[in-house]
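Protein chains: 2
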Amino acid sequence: MVVISGPSGVGKSSFVSGLLSAGLNLEYSVSATTRSRRPQEENGREYLFLSRAEFQKRIDAGEFVEWAEVHGELYGTLRSETERRLRAGRNVLLDIDVQGGRAVRNAYPEGVFIFVLPPSFASLEERLRGRGTDSDERIRLRLDNALREIKLVTEYDYAVVNDDLDAALARVAAIIVAESCRTRRRESPDSI
Amino acid sequence: MVVISGPSGVGKSSFVSGLLSAGLNLEYSVSATTRSRRPQEENGREYLFLSRAEFQKRIDAGEFVEWAEVHGELYGTLRSETERRLRAGRNVLLDIDVQGGRAVRNAYPEGVFIFVLPPSFASLEERLRGRGTDSDERIRLRLDNALREIKLVTEYDYAVVNDDLDAALARVAAIIVAESCRTRRRESPDSI
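First to last, the protein sequences are chains P and B. Under my numbering, the first residue of the first sequence is numbered 1, with each subsequent residue one higher. Under my numbering, the first residue of the second sequence is numbered 1001, with each subsequent residue one higher.
Among these hints, one or two may not hold up.
[Unchecked claim] Pairwise CB distance ranges (calculated):
no., chain 1, residue 1, chain 2, residue 2, range
1, B, E1126, P, T183, 21 to 29 Å
2, P, A88, B, N1025, 33 to 41 Å
3, B, L1152, P, R148, 41 to 49 Å
4, B, K1151, P, N106, 28 to 36 Å
5, B, N1145, P, R186, 36 to 44 Å
If you're looking for bench data, these hints aren't it; they were derived computationally from the structure. Built from N, CA and C at the ideal position, the CB exists for glycine as well.
Go ahead and model the full structure; you've got the sequences and the hints to work with.
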């Protein structure tokens, strides 16, 4: 289980696509959300888009590993999505916020938790404005949240600065290879 | 501080040469020993070759980070050798046995501890015999020690199987990159 978090505008979606095509046996676990679909998005690819009623029904049924309200919308990870992939022997990639990361740490304490940092706070604002999808007020809200999240980086095992996408992806790939060599992951510690 | 341990015959010397030329800002910290110099070895390159009297004098003066008697000879790491390199901003590579690794862990708890494993126990014996430098009795002694050391692999952070030298070196390189991304190594945890 590989968990990637980072503030809005840090470039996580390019990050996630890059990682999935890096030959790391990673499979993206699609989150569910109540937020509205953006034009280029597809249901089941970026997110499972659920109505608020449907989302709430699944919360009540205990179907989420984690869920949270962020920027006024519900986001969550369905246990069925992660377990299906883990059972198939894949590494599961989750792209979630810091609140969600905490809940996943409880459910999967052996996971690898990576926080993606912007090279600077100014670069973050620039990216959010350049994206052109958010109002000024929404951007200010996202920046406030980003600052709060970045202070929680020490809750993560690793921090990767997204200064250059390829270099940053290579660092994440190195982290995943390194974690596969950790002695605490060896099934039979005293066998060769 | 990067510590590499592994049983005799696992191919650590090719490993060490490979790592030093991998652009990882690594510098080898030469150990001191009382064992006799092999024909192809140079004083100050593979080891600092000391007489037993000189080695003992430096033990008494507290000049060693660690020292131990292995296979009847003294081996040790002089604090002057490691500190000089760390002060120059280099990553220091130590190639030592498990006993030494424990002492280094005490002196440098933030170090990265990597254990090199043979692909199988049979391959270890084959390498030791193929080297042609040890008597049958010495080989048996080394194999007994190897088995004892391998059981202690869980004291290390990482285990890397030396099945293929290039692949194994790539895994160690990944470990060193990953460790540089660890949040606990960040100087100012809440800054970007």
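Range hint 36 to 44 Å (beta carbons of B:N1145 and P:R186) holds or violated: violated, 21 Å
Range hint 21 to 29 Å (beta carbons of B:E1126 and P:T183) holds or violated: holds, 25 Å
Pairwise beta carbon distance, P:A88 to B:N1025, judged against the given window 33 to 41 Å: 39 Å Cβ-Cβ, so the 33 to 41 Å window holds.
Verdict for B:L1152, P:R148 (Cβ pair) under range 41 to 49 Å: Check passed, 43 Å falls within 41 to 49 Å.
Distance restraint hint 28 to 36 Å, applied to the beta-carbon atoms of B:K1151 and P:N106: Once the Cβ atoms are compared, 33 Å apart, the range 28 to 36 Å for P:N106 and B:K1151 holds.
The structure fails hint 5 only (numbered hints given earlier).
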